[in-house]
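Asker: One-letter residues, chain by chain:
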Amino acid sequence: MNKILLAGAYALALAMGVADLRDLAAYAAPAVAAAAGPTVKIDNFVFGPEALTVTVGTTVTWINQDDIPHNIVANDKSFKSKVLDTDERFSFTFTKPGEYGYFCGLHPHMTGKVIVKAG
Amino acid sequence: MSHDQDDNRTDLGRPDLGRRGLLKCMGWAGTGALWTMSGGVGAAISLDQALGAPAKAASFSFLQISDSHVGFNKPANPDAAATYREAVAKISTLPQKPDFIIHTGDITQLSKDQEFDDAEQIIKAAGLPVFYVPGEHDMLDEGGGKAYLDRFGKGTKGAGWYSFDHKGVHFVALINVANLKPGGMGSLGGDQLEWLERDLKGRPSSQPIVVFAHMPLWTVYADWGWGTDDAPQAMAYLARFGSVTVLNGHIHQVTQKVEGNIAFHTARSTAFPQPVGGQGPSPGPLKVPTEQLHSMLGITTASITRGHGPIALTDQTLADPTLAS
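So the protein sequences, as listed, match chains U and Y.
Numbering-wise, our numbering puts 119 at position 119 of the first sequence, and it's gapless, one number per residue.
Here our numbering runs 1000 ahead of the position in the second sequence, where the first position is 1.
These aren't lab readings, by the way, just hints derived from the structure by calculation.
As the structure is a computational prediction, the values presented were derived from the model and not from experiment.
Quick reminder that beta carbons are idealized off the backbone N, C-alpha and C, glycines included.
Fair warning: there could be bad hints in the mix.
Unchecked claim - Heads up, simulated DSS-like pairs for lysine-lysine below, C-alpha to C-alpha not over 25 Å straight-line: (1) Y/K1154 - Y/K1124; (2) U/K80 - Y/K1146; (3) Y/K1146 - U/K82; (4) U/K113 - Y/K1181; (5) Y/K1154 - Y/K1112; (6) U/K82 - Y/K1181; (7) U/K77 - Y/K1181; (8) Y/K1112 - U/K82; (9) Y/K1146 - Y/K1124; (10) U/K41 - Y/K1074; (11) U/K77 - Y/K1112; (12) Y/K1181 - U/K41; (13) Y/K1074 - U/K82.
What the hints assert, rightly or not - Computed spacing ranges between beta-carbons, pair by pair: (14) Y/K1112 - U/S91: 14 to 24 Å; (15) Y/P1078 - U/Q65: 16 to 26 Å; (16) U/I115 - Y/R1198: 40 to 50 Å; (17) U/V56 - Y/K1146: 27 to 37 Å.
Start from the sequences and build out the full structure, keeping to the hints where you can.
Answerer: Right, here's the structure in full:
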């Protein structure tokens, strides 16, 4: 899908006589990055999905969709985000297999886990 | 004498009245409700009645302000600094000038320096000493609460706990928003509990005690984390005292419970309301019609009559007309 869009954009750029394709590539980059890994959405004080299974090397991105700030703290402190205000994100790449429980440091009743399987 | 939580919750939020109905009723009365705690029974009398009492009856009063969330600008209240300013302005209209203010946390929204600066600037207008405890929103700097401690925590212990005496009443400020555990609620921690036990030791049981902390020190609604896991240990140290008043914030609404000689009370926020526990998808900000917002924000006055155990708590909303002095 992205490739088709990008090809279309290149064609359009060529047709319009745009010389600098680097601008176009930069423009397309965010969409590609967002599609790179799974996301956990924070909505109404709940991590969704509460349990996420990924393979080693996967980057998981959390997005806060609440009107209240949250953060992500691993139970074993192996990762911790800064505070995420509305619409802010945090990404972490899991490099070792295992089960990583985490919670919100502000509202610790909010919990979730990422299960990382060997690739 | 003891009442279980359900009994008291029923008192406050009678099912035939409902929260909104109760607020409307208070609005109709044109004042707030005054809660007196006596012998473990909470009783409401009208504020007019209370104000009719001889002025000399109260030895002193202090004010509780909570959850100002300076920096909050979301739909539930696009300008939390403005409503905080209004709440502080209310103080000068009180019939009795309070000796000081306690702020039960969530001073700021995101622990930013600018937010702390603005909050200090706003409350300065009251011209009164302020005693703080942090909320979880005040622990969000890189140092995990260092910004708060640098400003307000001089001379305190641990994450910021302390105590002081004022006109015979012992005040204890507890921190239950530090080092929170996965799946838990608020937490005091072993060090603070040990300190509390020592702090209370040797005090006569007749001395009135006021304890204040951000999160409720009793379980209001566990599913939303509205409580403090190790609060029962603290309450065990407090149980022998004849008059204990526990003042909290965090849940942005007035609720209370009486257990033995301990009266628990939460204050309104000056920023935005939150739903009653379990009545909504989450404890997030409750968006109400703009014209209703002021009736759901407010401050609490505590009046102490020396030698007469009960401390009277008066909750006043920003919509209540100014009280005549």
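Asker: Determine for every hint whether it applies to the structure shown.
Answerer: Right, here's what the structure says about each hint:
1. Y/K1154 - Y/K1124: Roughly 18 Å between the alpha carbons, so the hint for Y/K1154 and Y/K1124 holds.
2. U/K80 - Y/K1146: Roughly 17 Å between the alpha carbons, so the hint for U/K80 and Y/K1146 holds.
3. Y/K1146 - U/K82: Roughly 15 Å between the alpha carbons, so the hint for Y/K1146 and U/K82 holds.
4. U/K113 - Y/K1181: 15 Å, holds
5. Y/K1154 - Y/K1112: 19 Å, holds
6. U/K82 - Y/K1181: 17 Å, holds
7. U/K77 - Y/K1181: Measuring from Cα to Cα gives roughly 11 Å; hence the hint holds.
8. Y/K1112 - U/K82: 13 Å, holds
9. Y/K1146 - Y/K1124: OK: Y/K1146 and Y/K1124 at ~22 Å, within 25 Å.
10. U/K41 - Y/K1074: The hint holds at about 19 Å.
11. U/K77 - Y/K1112: 24 Å, holds
12. Y/K1181 - U/K41: 21 Å, holds
13. Y/K1074 - U/K82: Cα-Cα ~20 Å, so holds.
14. Y/K1112 - U/S91: 14 to 24 Å: 23 Å, holds
15. Y/P1078 - U/Q65: 16 to 26 Å: 19 Å, holds
16. U/I115 - Y/R1198: 40 to 50 Å: 45 Å, holds
17. U/V56 - Y/K1146: 27 to 37 Å: At roughly 36 Å between Cβ atoms, Y/K1146 and U/V56 fall inside 27 to 37 Å, so the hint holds.
Figure legend: structure checked against the earlier numbered hints; every hint is met.
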